[in-house]
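2 protein chains.
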Amino acid sequence: MLQVFDISLLIYPGMAVWKDRQEKRPSVRITRDFAADGIRESRLELDSHTGTHVDAPLHMMPGGSSIDQLSGPQLVGPGRVLDLTAVQDHIGRTDLEPYARVIQPGEFVLLKTANSPGPPFDPHFVFLAEDGAAFLAGLGVRGVGIDALGIERDQPGHPTHRILFQHGVTILEGLRLRHVPAGSYLLVAAPLLVAGGDAAPARVFLLGEGAKEGRIPQEIVE
Amino acid sequence: MLQVFDISLLIYPGMAVWKDRQEKRPSVRITRDFAADGIRESRLELDSHTGTHVDAPLHMMPGGSSIDQLSGPQLVGPGRVLDLTAVQDHIGRTDLEPYARVIQPGEFVLLKTANSPGPPFDPHFVFLAEDGAAFLAGLGVRGVGIDALGIERDQPGHPTHRILFQHGVTILEGLRLRHVPAGSYLLVAAPLLVAGGDAAPARVFLLGEGAKEGRIPQEIVE
Chain U
362 MLQVFDISLL IYPGMAVWKD RQEKRPSVRI TRDFAADGIR ESRLELDSHT
412 GTHVDAPLHM MPGGSSIDQL SGPQLVGPGR VLDLTAVQDH IGRTDLEPYA
462 RVIQPGEFVL LKTANSPGPP FDPHFVFLAE DGAAFLAGLG VRGVGIDALG
512 IERDQPGHPT HRILFQHGVT ILEGLRLRHV PAGSYLLVAA PLLVAGGDAA
562 PARVFLLGEG AKEGRIPQEI VE
Chain H
362 MLQVFDISLL IYPGMAVWKD RQEKRPSVRI TRDFAADGIR ESRLELDSHT
412 GTHVDAPLHM MPGGSSIDQL SGPQLVGPGR VLDLTAVQDH IGRTDLEPYA
462 RVIQPGEFVL LKTANSPGPP FDPHFVFLAE DGAAFLAGLG VRGVGIDALG
512 IERDQPGHPT HRILFQHGVT ILEGLRLRHV PAGSYLLVAA PLLVAGGDAA
562 PARVFLLGEG AKEGRIPQEI VE
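From first to last, the protein sequence lines are chains U and H.
The working numbering applies: residue 362 is where the first sequence begins, and numbers increase by one.
The working numbering applies: residue 362 is where the second sequence begins, and numbers increase by one.
So here's chain U without its partners, still in its complex pose (with noise of 0.2 Å):
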């Protein structure tokens, strides 16, 4: 049977948002609801970095790639989830370079980490250092994912971002992995598919071979 896992934040207007500025929160307004003809429908206002979302090139290189150039093979490949739980601050080449032999080339590497993702916007996430990102990209990976809202924090430049988007590996950003065991899935990462844009919110889905649903439902925090 195929087992599903949903690593995809729940979207609502008190979500953990990028430092929690309220600019940036999500909006739901229900523009038709029921009352003339038994129809409800709504309307979204949302960055396109909220929540569980995939950045592209754009988002820091002026000409790069915007998110509906990515491929399919950009979004949909094999995925594994590293437990780096125990990591503190960081995650940098000496922390990942114990699986140098487990990740194999053209995967998706998703780092669950000891984050939670809030709200309230956690400032001090774990995040993935430069050196890090370097030694995954010289791995040859396909992509990189992490359960924070940014894969890097505080690093003058954006290093982390950089080198991955230099050697054209997807960064999935806002993962929720708790859930997640270790191991070996398929990842299919579906940022909607906006013309010409930075990044964009996505539903991220592991699937794998198992007996149950990878399923667990998420609350809204007040």
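Worth flagging that the hints you see were computed from the coordinates, not collected in a lab.
This one's a predicted model, so the numbers in the text were calculated from it and none came from an experiment.
Each hint should be verified, as a subset may be incorrect.
Stated by the list, open to error - Pairwise CB distance ranges (calculated):
| # | chain 1 | residue 1 | chain 2 | residue 2 | range |
| --- | --- | --- | --- | --- | --- |
| 1 | U | Ala397 | H | Glu458 | 47 to 57 Å |
| 2 | U | Glu458 | H | Trp379 | 23 to 33 Å |
| 3 | U | Val463 | H | Asp381 | 50 to 60 Å |
| 4 | U | Arg393 | H | His528 | 45 to 55 Å |
| 5 | H | Ala397 | U | His485 | 22 to 32 Å |
| 6 | U | His485 | H | Gly529 | 39 to 49 Å |
| 7 | U | Arg454 | H | Gly424 | 49 to 59 Å |
| 8 | U | Arg539 | H | Gly501 | 32 to 42 Å |
| 9 | U | Glu406 | H | Asp381 | 41 to 51 Å |
| 10 | H | Asp381 | U | Phe395 | 20 to 30 Å |
| 11 | H | Asp515 | U | Glu570 | 21 to 31 Å |
| 12 | H | Glu384 | U | Phe395 | 14 to 24 Å |
| 13 | U | Ser388 | H | Ala397 | 19 to 29 Å |
To be verified - A partial selection of chain H residues facing chain U, derived with a Cβ cut-off under 7 Å:
| # | residue |
| --- | --- |
| 14 | Leu371 |
| 15 | Asp408 |
| 16 | Pro423 |
| 17 | Ile581 |
| 18 | Val582 |
Said to hold, decoys possible - Residues from chain U that keep clear of chain H, each with C-beta distances beyond 12 Å, as calculated:
| # | residue |
| --- | --- |
| 19 | Asp444 |
| 20 | Thr446 |
| 21 | Thr455 |
| 22 | Pro459 |
| 23 | Phe482 |
| 24 | Asp492 |
| 25 | Gly499 |
| 26 | Gly544 |
Just so it is clear, CB atoms sit at the ideal spot from N, CA and C, and this is done for glycine as well.
Since the structure of chain U is already known, use the hints to place chain H on it.
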């Protein structure tokens, strides 16, 4: 090799929307454009039923499940594309009966028609009639998708939607199927995980085994 067919419509302000109503158009606003710190970000605004999307029962049933309450198996599973490009006006029971032994219970059935995704919006799009929906529900399909912005039109009371919702059949609208051969795939429908949503914009992929990537670039139509 894994073949990835992207069956999602490109999202941009001039894309076709329901009856080409201005207030339903998506918008993208650039909020940071490299100037200050080399970062580009943007903010999207779009209807829950924009382009490629998944309907939740809440769209037409007060108290029905919202889009975030659909489980993994309601979004991911075996998918079959039927070539119905010769059918005119609407797809009824008699158009589907020839496939009665082909369609398997638990499959997503995707109706590839003569529809064009636009723009402009085509008010005469081929739709799934009430008796066609009842027939598919009776076969025990998991989902039904179509290459039009709606799965029905001009049917008072929206019986096609209601029959499918009542049978727990997922409804996928706004698919792009012109480039996909009829046949069997793994379908991954990935709507944004919007809390309480009546629907959500989605990226939808069909995965198959094949030699080439199933990607056909889309042009912005002015």
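Going down the list of hints, with the structure as the test:
At about 37 Å, the beta-carbon gap between U:Ala397 and H:Glu458 misses the expected band of 47 to 57 Å. U:Glu458 and H:Trp379 have their C-beta atoms about 53 Å apart, which leaves the hinted 23 to 33 Å range violated. Range check, U:Val463 to H:Asp381: about 52 Å between beta-carbon atoms, so the 50 to 60 Å window is met. Hint check: U:Arg393 to H:His528, Cβ distance near 24 Å, so the stated range 45 to 55 Å is violated.
The hint said 22 to 32 Å for the Cβ distance between H:Ala397 and U:His485, and at roughly 24 Å that hint holds. Distance hint check: the CB atoms of U:His485 and H:Gly529 are about 43 Å apart, consistent with the given range 39 to 49 Å. Roughly 53 Å separates the CB atoms of U:Arg454 and H:Gly424, a value that falls within the hinted 49 to 59 Å. One distance hint, 32 to 42 Å for the beta-carbon pair U:Arg539 and H:Gly501, holds here, with the actual separation near 34 Å.
Checked against the hint of 41 to 51 Å, the C-beta distance between U:Glu406 and H:Asp381 comes to roughly 21 Å, which is inconsistent with it. At roughly 24 Å, the beta carbons of H:Asp381 and U:Phe395 sit within the given window of 20 to 30 Å. H:Asp515 and U:Glu570 have their C-beta atoms about 44 Å apart, which leaves the hinted 21 to 31 Å range violated. Remark: the range hint 14 to 24 Å for H:Glu384 to U:Phe395 is upheld by a beta-carbon distance near 19 Å.
Between U:Ser388 and H:Ala397 the CB atoms are about 25 Å apart, so this pair conforms to the stated range of 19 to 29 Å. The interface hint given for H:Leu371 is met, as the beta carbon of that residue sits about 5 Å from the closest beta carbon of chain U, less than 7 Å. Proximity of H:Asp408 to chain U holds as hinted, the smallest CB-CB distance being about 5 Å (cut-off 7 Å). Look at H:Pro423: its Cβ gets to within about 6 Å of chain U, closer than 7 Å, so that hint holds up.
Evaluation of the H:Ile581 hint against chain U yields a held restraint, the C-beta minimum of about 6 Å falling below 7 Å. Because the beta carbon of H:Val582 sits about 11 Å from the nearest beta carbon in chain U, more than 7 Å, this interface hint is broken. Against the 12 Å criterion, U:Asp444 stays outside the reach of chain H, whose nearest CB is about 22 Å from its own CB. The non-interface label for U:Thr446 is consistent with chain H: the shortest C-beta to C-beta separation is roughly 23 Å, beyond 12 Å.
Interface exclusion of U:Thr455 from chain H stands, the closest Cβ pair being 29 Å apart, more than 12 Å. Even its closest Cβ contact with chain H, about 28 Å, leaves U:Pro459 beyond 12 Å, as expected for a residue assigned away from the interface. No beta-carbon of chain H comes within 12 Å of the beta-carbon of U:Phe482; the shortest separation is about 16 Å. The beta carbon of U:Asp492 sits about 21 Å from the closest Cβ of chain H, which is more than 12 Å, so the claim that it is off the interface holds.
Against the 12 Å criterion, U:Gly499 stays outside the reach of chain H, whose nearest CB is about 24 Å from its own CB. With 12 Å as the threshold on Cβ separation, the claim that U:Gly544 sits away from chain H holds: the shortest Cβ distance comes to roughly 17 Å.
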